[in-house]
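Protein chains: 2
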Amino acid sequence: MTNSVTSPIPNIPATTFPKVVIVGAGFAGLKLARKLIKSDFQVILLDKNNYHQFQPLFYQVATAGLEPSAISFPLRKIFHHSTNVIFRMAEVKHFDADQKRLVTDIGHIDYDYLVLAMGGDTNYFGSKSIEYYAAPMKTISEALYIRNKVISNYERAINIEKVENRKYLMNVIIVGGGPTGVELAGAMAELRNNVLPKDYPELSFSNMKVVLIEGGSELLGTMSPEAKSHALKYLQDLGVEVMLNAIVKDYDGQIVTLNDDVFLETKTLLWAAGIKPNRIEGLSPDHFAPNGRIYVDSHSQIINCSGVYALGDVSLLVEEKYPKGHPQVAQVAMQQAANLALNFKALQNGKPLKPFQYKDLGSMATVGKRRAVVDLPFLKFQGLLAWLTWLFVHLMAILGVKNRLFVFLNWSWNYLSFDPSLRLLIKPKYVRESERKELIEER
Amino acid sequence: MTNSVTSPIPNIPATTFPKVVIVGAGFAGLKLARKLIKSDFQVILLDKNNYHQFQPLFYQVATAGLEPSAISFPLRKIFHHSTNVIFRMAEVKHFDADQKRLVTDIGHIDYDYLVLAMGGDTNYFGSKSIEYYAAPMKTISEALYIRNKVISNYERAINIEKVENRKYLMNVIIVGGGPTGVELAGAMAELRNNVLPKDYPELSFSNMKVVLIEGGSELLGTMSPEAKSHALKYLQDLGVEVMLNAIVKDYDGQIVTLNDDVFLETKTLLWAAGIKPNRIEGLSPDHFAPNGRIYVDSHSQIINCSGVYALGDVSLLVEEKYPKGHPQVAQVAMQQAANLALNFKALQNGKPLKPFQYKDLGSMATVGKRRAVVDLPFLKFQGLLAWLTWLFVHLMAILGVKNRLFVFLNWSWNYLSFDPSLRLLIKPKYVRESERKELIEER
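Just so you know, the protein sequences line up as chains A and B, in that order. Start counting the first sequence at 0; every next residue gets the next number (numbering that gives the first Met the number 0). Start counting the second sequence at 0; every next residue gets the next number (numbering that gives the first Met the number 0).
Hints should not be assumed to be uniformly reliable.
As the list claims (entries may be wrong) - A few chain B residues that don't get close to chain A, going by computed Cβ distances all over 12 Å: (1) Lys34; (2) Ile36; (3) His79; (4) Phe86; (5) Asn192; (6) Phe204; (7) Asp251; (8) Glu280; (9) Leu282; (10) Gly306; (11) Ala337; (12) Lys350; (13) Lys358; (14) Gly382; (15) Met395.
To be verified - Stretch-level coverage of chain A by chain B, calculated; a stretch enters the list once three of its residues show a Cβ under 8 Å from a Cβ in chain B: (16) 72-79; (17) 148-158.
Treat the hints as calculated values from the structure; they're not laboratory data. Keep in mind it's a predicted model, so treat the numbers as computed, not measured. We put the beta carbon where it would ideally sit given N, CA and C, even for glycine.
Could you put the whole structure together from the sequences, leaning on the hints where they help?
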């Protein structure tokens with residue numbers, strides 16, 4: 000590792016406590032930092048953004064149901080009353096495990112323990128054209144981008160005379176039959192069924208397709224057969240066209256090419272099909288599994304990299320019950336973080352460490368109003384009760400009383416009015432490269 | 000006027016009603032369109048954005064108190080139940096008064112009556128350097144930009160070791176002592192006094208200046224002496240440095256140069272000092288006053304331009320009581336619009352027209368919590384009661400029950416917690432030219 004000349008991150012108070020540096024304030028990193036409040040560690044939490052993002056509800060931001068602020072939480076606010084946790088907005092560059100030094104764009108910091116919890120980004124499985132034209136949904140900004148894209152496509156469609164020339168602006172195609180894809184497809188269908196026709200009475204919405212494309216033979220891969228079949232039925236009830244065993248081979252910004260030479264027309268291809276762990280320089284290739292996850296032991300320590308830990312989506316713990324590692328979900332991330340916090344304290348007190356053991360609390364997905372599926376360890380149910388369970392669990396998981404209250408009020412309002420009112424096209428001043436050319440040609 | 004080849008705006012339903020085309024959905028344009036719902040006119044409302052912006056509360060978006068969505072209202076929603084009003088998102092280019100044709104970026108439209116209500120933009124009084132570096136606040140996007148700028152300056156300040164090198168990132172300087180400037184200065188001072196020190200315990204906030212610069216000898220130019228003196232006292236109580244008779248001569252992005260060779264350090268110069276009417280091609284120079292406003296008669300018709308009207312900030316009606324025209328405020332715009340709606344109907348029914356007569360209902364400004372000034376025609380008061388009056392009047396003026404409810408809840412929350420929670424730096428993917436260079440140099 001080259002040792003570029005950097006100065007230390009300024010204004011970090013001097014301390015005699017061991018330093019825990021956490022990279023990423025997602026579910027794993029934030030949980031760990033919170034568990035270490037008032038501990039005998041100095042915790043330095045780093046993130047690219049100054050807020051924590053509540054990923055499970057991104058799809059509601061994308062479909063105009065919630066504001067970004069309702070599911071984002073300022074990190075500094077969380078640590079107002081803790082003196083041992085310090086937040087810095089920074090992009091990490093690389094670390095040196097021998098020197099125990101992490102280098103960022105605001106300077107370097109020397110750690111006693113380094114925790115990598117950078118999460119994942121969208122995986123396009125190597126397709127440059129899909130990466131260029133499709134819309135991902137891995138950040139709040141990207142969710143907001145989808146909302147703006149859908150609305151602006153409608154504002155464009157209304158200025159096109161011929162019905163057949165409007166189709167590609169009106170259709171919405173979602174790739175990926177996991178919870179994100181299912182929830183996004185359901186919410187888009189509800190927008191089409193209930194909201195858009197009122198906004199655009201001049202357009203015929205029988206022409207608007209909502210298509211969900213899944214490469215495998217069923218939706219919601221890891222859930223129960225009951226959940227899978229109900230989710231499929233709910234989507235079809237809402238008018239979503241579900242295509243199973245369908246692989247997207249190419250996309251040119253307007254035409255989606257599937258296997259078997261099937262072609263679909265859309266400007267709005269939403270990519271919820273894959274996750275790729277974020278990387279940091281400082282590890283050797285043999286630390287990584289082929290899918291980019293970092294091998295860790297049962298204490299979340301990176302194998303053959305003393306003092307450096309990995310949590311959540313970037314980590315891979317191979318054990319008998321999970322030969323391919325644990326699922327890349329919030330639950331695993333948070334449980335790993337809680338376990339690591341305990342182990343850090345045990346280490347400090349000379350007590351024995353506890354290996355991480357994942358307790359699967361179940362999983363759930365919502366398709367639309369009064370339509371959801373829930374798999375608990377000993378109970379599976381669907382429909383209205385599942386939907387209410389989903390609402391309750393997600394509401395309770397949101398950080399901060401104010402956010403919780405505002406999400407609750409928004410949900411109540413949208414439920415009663417069937418009319419989310421956030422259809423504001425607050426225009427970005429920045430245009431994606433893939434759209435710039437097109438806009439120029441249009442004018 | 001050159002007649003570029005354009006096609007008509009598509010999908011406008013055929014009608015036998017006369018066509019009223021309204022350019023701009025601000026206070027004037029929107030009021031007129033709403034007053035013409037269910038009338039015997041076909042109304043085509045055009046705006047660059049698909050939402051109406053509630054300008055009086057922009058400063059609360061800029062100071063992290065409200066979300067953009069709380070004070071924006073989707074235009075399509077307002078006209079869900081009216082068949083004669085049609086909205087299109089478009090940028091107007093020019094019009095031809097002889098041909099009665101308006102040309103936009105989505106096609107042309109032939110009108111019977113054309114109403115210009117494009118409002119105003121920021122006036123930098125010819126200074127290119129101020130335009131380049133200062134932050135205006137004439138749109139929701141610009142207000143959000145200010146919020147992001149202030150927060151990111153703090154995230155930068157915390158990484159600077161020497162106190163004197165942080166000053167320019169921490170100081171906030173506001174130019175313009177009208178209601179916008181006063182309200183912005185008060186809210187920024189409250190942020191500094193109550194919120195920022197909790198977020199950035201490592202920084203000393205005695206170093207953060209909030210300065211309000213006014214070129215004239217007093218604040219709130221058109222208000223009563225009582226209002227002026229109270230507003231000044233309230234600002235000073237909050238720790239705002241008010242500089243009267245001070246003219247900004249230049250700004251290089253870091254140093255503000257005033258007359259008398261006074262220099263102030265800041266990265267955050269907020270420009271609330273002037274308004275410049277938006278223009279459209281199609282009028283001759285003698286239609287405009289030197290300040291860019293368009294001369295209209297007492298029926299809001301542009302003088303010597305039959306069938307074309309101007310409302311609100313772009314219009315100028317010279318009469319005995321207002322030799323320089325009416326103030327460019329929401330009240331005038333809305334009253335003009337209401338008058339014009341009545342006159343359009345009178346015209347249709349062959350009844351006599353009513354000249355516009357402005358009824359000044361008073362004016363008010365808020366400086367901070369429990370600190371506001373109100374001038375009513377026969378009563379002036381300040382303090383807590385004025386503040387409650389201000390809250391009530393603005394709440395009632397907000398469009399839509401949901402927005403009103405959410406603004407009310409936000410205000411209550413912020414009042415009780417003294418902690419607006421919207422300090423999210425949702426990063427724009429676009430960087431202003433003036434900042435791009437600097438960011439590159441920094442890295």
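Checked hints:
1. Against chain A, the non-interface label of B/Lys34 holds: every CB pair exceeds 12 Å, the least being about 21 Å.
2. Here B/Ile36 stays apart from chain A, with its beta-carbon at least about 15 Å from theirs, past the 12 Å limit.
3. Some Cβ of chain A comes within 12 Å of the Cβ of B/His79; the nearest lies about 5 Å off, and the non-interface call is violated.
4. Taking the minimum C-beta to C-beta distance to chain A, about 9 Å, the non-interface status of B/Phe86 is violated against the 12 Å cut.
5. Its beta-carbon lying about 16 Å from the closest one in chain A, B/Asn192 satisfies the requirement of being farther than 12 Å from that chain.
6. Non-interface call for B/Phe204 relative to chain A: holds, since the shortest CB-CB distance, roughly 14 Å, exceeds 12 Å.
7. The claim that B/Asp251 lies off the interface holds: its Cβ sits roughly 23 Å from the closest Cβ of chain A, which is beyond the 12 Å cut-off.
8. The beta carbon of B/Glu280 sits about 17 Å from the closest Cβ of chain A, which is more than 12 Å, so the claim that it is off the interface holds.
9. The non-interface label for B/Leu282 is consistent with chain A: the shortest C-beta to C-beta separation is roughly 24 Å, beyond 12 Å.
10. Even its closest Cβ contact with chain A, about 25 Å, leaves B/Gly306 beyond 12 Å, as expected for a residue assigned away from the interface.
11. Listed as a non-interface residue, B/Ala337 keeps its Cβ farther than 12 Å from every Cβ of chain A; the least gap is roughly 25 Å.
12. Under the 12 Å C-beta cut-off, the non-interface status given to B/Lys350 relative to chain A holds; the minimum distance is some 32 Å.
13. Every CB of chain A is more than 12 Å from the CB of B/Lys358 (nearest about 32 Å), matching its label as outside the interface.
14. For B/Gly382, the condition that its CB be more than 12 Å from all CB atoms of chain A holds, with the nearest at approximately 28 Å.
15. With a closest Cβ-Cβ approach of about 18 Å to chain A, B/Met395 is found to remain outside the 12 Å limit, as its non-interface label requires.
16. Only when three residues or more bring their CB closer than 8 Å to a CB of chain B does the claim for the segment 72-79 of chain A stand; here the count is 5, and the claim holds.
17. Note: the segment 148-158 of chain A has 4 residues with beta-carbon separation from chain B under 8 Å; the three-residue rule is met and the coverage holds.
Consistency with the previously given hints fails for numbers 3, 4, ordered from lowest to highest.
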